[in-house]
Amino acid sequence: MVTSAADYMLAVPSGARDGGSMECFGRPAGNRPDLLDPAARLTPRGRHLLRPGQVFTLSADSQVARLTAGDTGLVHLVFAADPHLSYRFVYDRATLGPVRMISADGTASRLTYAVRLLAACRRPSSLPVLRSLAGHPSHEVRWEAIRAVHRVDPEAGRQLLQVAAHDPHPEVRQAAVQALVPESQASR
0 MVTSAADYML AVPSGARDGG SMECFGRPAG NRPDLLDPAA RLTPRGRHLL RPGQVFTLSA
60 DSQVARLTAG DTGLVHLVFA ADPHLSYRFV YDRATLGPVR MISADGTASR LTYAVRLLAA
120 CRRPSSLPVL RSLAGHPSHE VRWEAIRAVH RVDPEAGRQL LQVAAHDPHP EVRQAAVQAL
180 VPESQASR
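Per numbering that gives the first Met the number 0, the very first residue in the sequence shown carries number 0; after that it's consecutive.
Everything labelled a hint here was simulated from the structure, so no lab data went into it.
Cβ coordinates follow ideal geometry from the N, Cα and C atoms, glycine included.
Incorrect hints may appear among the rest.
[Unchecked claim] Ranges of calculated distance between the beta carbons of each label pair, as one might list FRET restraints:
{"#": "1", "residue 1": "16", "residue 2": "131", "range": "53 to 59 angstroms"}
{"#": "2", "residue 1": "115", "residue 2": "0", "range": "50 to 56 angstroms"}
{"#": "3", "residue 1": "8", "residue 2": "67", "range": "15 to 21 angstroms"}
{"#": "4", "residue 1": "1", "residue 2": "124", "range": "23 to 29 angstroms"}
{"#": "5", "residue 1": "68", "residue 2": "153", "range": "21 to 27 angstroms"}
Could you put together the complete structure from these sequences and hints?
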């Protein structure tokens, strides 16, 4: 099951032969929308029949639905608002636990890929761009940029790691702190 980054409505057209069954779940309350919490679980909220002509509204930050069709298949329409969440989450159907996060905006994914390519080239001329991306709003882009700077220029990377140890995103902070631990202490 994959969450949505936008509020949306599901509708079965009135001319459709059959509807479908919709299993509803509540998203974990109080969880950060940009952090994968392995302990968080979806809460089952019941099953609804979605018949031709019916509409069901879902809130992206609190609800998830899984549609299943009858033998004849399910024709449905999805009307989505503009995305207001930065990430979508994939949940395991059996455990209802999160499996992974997916950026709702492909820009962050493309930037992360570009940063990895720049790091692989190890060109000092890429350092100004990489340093600027270390301040990007997306935590995943920031972290990849910091790693890339460290790969191209370890001293400059270490300076960015020290700044990242105070990053607003807990995963970046934790990774930066771990990276700053000298290797001799990490092997103990």
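How the hints compare with the structure:
1. 16 to 131: 53 to 59 angstroms: holds (55 angstroms)
2. 115 to 0: 50 to 56 angstroms: violated (29 angstroms)
3. 8 to 67: 15 to 21 angstroms: With a Cβ separation near 18 angstroms, residue 8 and residue 67 satisfy 15 to 21 angstroms, so the hint holds.
4. 1 to 124: 23 to 29 angstroms: Distance hint for residue 1, residue 124 is violated at roughly 40 angstroms.
5. 68 to 153: 21 to 27 angstroms: violated (55 angstroms)
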